[in-house]
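Asker: Those sequence lines, one after another, are chains D and C.
All residue numbers in the first sequence are consecutive under this note's numbering, ending with 334.
All residue numbers in the second sequence are consecutive under this note's numbering, ending with 516.
Hints listed in this document are in silico derivations from the structure and should not be mistaken for laboratory results.
No residue lacks a Cβ here, since even glycine has one placed at the ideal position from N, Cα and C.
Any given hint might turn out to be false.
Unchecked claim - Chain C is nowhere near these chain D residues, computed Cβ spacing over 10 Å in every case:
#1 197
#2 224
#3 265
#4 327
Claimed, not checked - Using 25 Å as the maximum straight-line C-alpha spacing, the simulated BS3-like pairs for lysine-lysine come out as follows:
#5 495(C) with 313(D)
#6 313(D) with 430(C)
#7 430(C) with 316(D)
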Amino acid sequence: MKRSWNWAIYAGFAVVVFAFVSYFLLFSQFPLTRDFPWLNLLLFALGLGLLWTGSRRGWRQREQYRGRIAGPTLAMLSVLVLGFFLFYNFSFSAQLPESRGAPKVGEAAPDFTLPDQEGKPVKLSELRGQPVLLVFYRGYW
Amino acid sequence: MDPPEQSKKLAADRGYTFPILSDAERRVIRHYDLVHPGGGPGGTDIARPAEFLLDADGIIRWVNLTESYRIRAKPEDILAVIDRLPLGSPQPPPN
């Protein structure tokens, strides 16, 4: 008897890959899904669940289903992908300097002059008389 | 660190009208102690994300130094702080 294709394994792995890349390509753009990546973690759980189901039936119903090797192999690879995702989100992105010397509430903001997007110099102290929001950002690359 | 030309493109693409300053030598970033060593492309030094709210006299009234560069102050959070703090901005006349 020809054994059936064990689709759950490949669907599970596809969901895991999507769970990983969709964070960077899509969900990290919205604070709701960026600050805590709950949607991507749910997708990882779904993918790993499918891989588990597929691998289990590949072994238990081996007369009926294929995927005894592919299941555990892709499952292990998926766990590695999840591990990297967790490391990036909860460890790597939190490795920031302490910035103990950063100006504090109640202090005068140190003055500076920097060019704006037109190349025109902007001096912080010349903005007195109105509130100012200073945003330091990582840049676009 | 974005050069002014790149900031100009960004402002044009997104319709930003506020000044986007460029600290190519990381002079101000270093002075504010916000350098993230090796945090940029190719291991270059960049600024960690940080937000400072200054009142009309240039005094810092609110600071946000995030613990993870993925997590930054949201516009609505900053607007709430602006509403809460006396920043010396021109107040609308009472009716």
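Asker: State for each hint whether it applies.
Answerer: Comparing the hints with the structure gives:
no.	hint	verdict
1	197	42 Å, holds
2	224	5 Å, violated
3	265	32 Å, holds
4	327	4 Å, violated
5	495(C) with 313(D)	28 Å, violated
6	313(D) with 430(C)	15 Å, holds
7	430(C) with 316(D)	22 Å, holds
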